[in-house]
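Enquirer: Sequence:
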Amino acid sequence: MPRYLVQTLAVTGTLFLHFILLNSGAYTPHNDYFPDLTPARFFAIALSGGTGFAIGWFFSPGMRTVRLSILAAAGSLTVLAALSDHGSLGWSLTALASAAAFFGGLGYWAGTAFKALAKLPNTFGSSEWADLDHLLDNNMVGDDGLRLGAFGADAAAHTLTYHGDRHLLTSAPTRSGKGTSAIIPNLLTYEGSMLVIDPKGENALITAKHREAMGQRVFVVDPWLICHAAGLEPARFNPLDWLVNGDVDITENAMLLADALIVPTGEHDQFWVEEARSILQGLILFVATDKSEARNRHLGRVRDLLLLDGEDMRKLFERMLRSPHHIVASTGARCLQKEERLLANVIASAQAQTHFLDSARIRESLSASDFRFEDLKTTPTTIYLVLPSDRLNAFGRWLRLLIQQAITVNARNIEVRPAKPVLFILDEMPALGRLAMVEQAFGLMAGYGFQLWGIVQDLSQLKRIYGDGWETFISNAGVLQYFGSRDTITADYFSALCGVTTVWNFSSAVARVFGSSSGQGGGGSSSSISNTDTTAAAQRKLAYPDELMRLPKSEQLLLIENLNPIIGRKRPWFEDDDLKPLGRNLHESG
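Taken in order, the sequence shown gives residues 4 to 593; the numbers are from my numbering.
Source of the hints: derived by calculation from the structure; they are not laboratory data. A couple of the hints might just be wrong.
Listed next, the in silico DSBU-like pairs over lysine-lysine satisfying Cα-Cα at most 35 Å (straight line) [unchecked claim]: (1) Lys203 / Lys544; (2) Lys212 / Lys583; (3) Lys212 / Lys544; (4) Lys294 / Lys318; (5) Lys544 / Lys583.
Ranges of calculated distance between the beta carbons of each label pair, as one might list FRET restraints [what the hints assert, rightly or not]: (6) Gly108 / Arg70: 12 to 22 Å; (7) Asp272 / Leu310: 17 to 27 Å; (8) Gly110 / Arg437: 53 to 63 Å.
Idealized CB from N, CA, C, for every residue including glycine.
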């Protein structure tokens, strides 16, 4: 039941009880109910206070929708009675309705004129907080679209949704409710395909069954079996299945896979990074295309080849030299030509970047494919990539590998436009490191039939990873969502994005003047007091950084393309009466 109905019933019950006690004589000095009048006085005070509170609550801003509904219903009944009754009652109600209509129309335009006169100038800035009318006019209220939270008081909160095709970026510190208020509500409602980085596995545990009930094919890529106990079987994905011998793009695709495996460590290591990427590309193509490797077409085999000893490694390069694929052959030739010490350093660099492939769990997860990323656009599909938070640093390359490939294949398939864009939710996006495809997608690929929703803990993470290009994510996001922060960099930046506004500055000055005079005829003194009041327009930031840093935990800041800044409410899925039955409560047994 909606909260405003619960509150309305409670207030109605209080008033009804007050009415019964009043008519029963319970408040009179002598009655049969209360031999001692102390309880009567107590109830009189309590119910009177409750009645006053209820009346004030009824006329509060949060009850505006209820008041308008009651007035509309009363007006409709009055007009209906006036039109249907042909006697004196009908004429009386007609006069009443006519007067109400006259003063209603007059009041509307009088209110418009008053608002125009009371409107602040915009001499120093015109930024202002969005109100409900602004959101309604810009199609931000409703249940269809990407859910961003709520607007308004609890009793009459409106769901905020985004219908644009641009990407989204959320800045949310740990334990700020991004999962319960942003990710899970969309997993429970979004009808398009989704790919979700799920560090804890909670998103899959809560929403996977419902996604299946929505008609989605659901795959939980879960090497550590976090969700297995809940009946969610782990899915596998082999990136090398993307490499088809004879495909004109096979060389480029192998280069992208090698790029995902290599995480640059600094400008001074650029040579070793490039050399490691080159040898990995050649080895990946060798494993994917050589007939002798037909039963070993997975990245675990690439890792095994990198660990061969000196003589076996040389024999491998000689085999590669005889490959019909020119990149494989050239890689073998270049390695054979390298000075032994230089080659050892290059191989060591490639080995250092592929340590994660020693994990038996990762090898099993990469051994075969139960789905294709291309299907995200053509078939309703949901993919969860589950990687425990304590393994994000060690196995971030596994995520890079899958995200790079998923975005690439969907960006190339531009002619396929699903009814709902494929939504990529990149929780803990900085764990991916600097990924060129993510950066390009944010900057160039809005409207390609998919949307990226990046989630970071603060903006300094973006600056550290993407350097001077970090603002690409800000400038190309259709939605910026801020859940608060404890660092000044993020707070200062969002404060600046909110803009400045013009406010009235009131000042008052009091001056007292004393004077004296003397002469032959005597002397005198005088005093005067002057009071000066000054009103002038002045500039103020719409939101100061310290105000944003103290943002209540239940509130959020939303910056939507071409709209006024919005102070909205977080709405956890388990507090939403429509969503709560859809998800699985992890705190209940069974």
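Enquirer: Next step is simple, just say for each hint if it's right about the structure.
Expert: So, going through the hints one by one against the coordinates:
1. Restraint check for Lys203 and Lys544: not satisfied, since their Cα atoms lie roughly 38 Å apart, outside the 35 Å limit.
2. Of the supplied pair hints, the one linking Lys212 and Lys583 holds, its CA atoms being roughly 14 Å apart against a limit of 35 Å.
3. Simply put, Lys212 and Lys544 have alpha-carbon atoms about 46 Å apart, too far for the 35 Å limit, and the pair is violated.
4. The straight-line distance between the Cα atoms of Lys294 and Lys318 is roughly 16 Å, inside the 35 Å bound, and the hint therefore holds.
5. Taking the CA atoms of Lys544 and Lys583, the gap is about 38 Å. The hint is violated against a cut of 35 Å.
6. Between Gly108 and Arg70 the beta carbons are some 19 Å apart, a value that agrees with the proposed interval 12 to 22 Å.
7. Look at Asp272 against Leu310: about 21 Å separates their beta carbons, and that is inside 17 to 27 Å.
8. A C-beta distance of roughly 59 Å is found between Gly110 and Arg437, which places it inside the suggested range of 53 to 63 Å.
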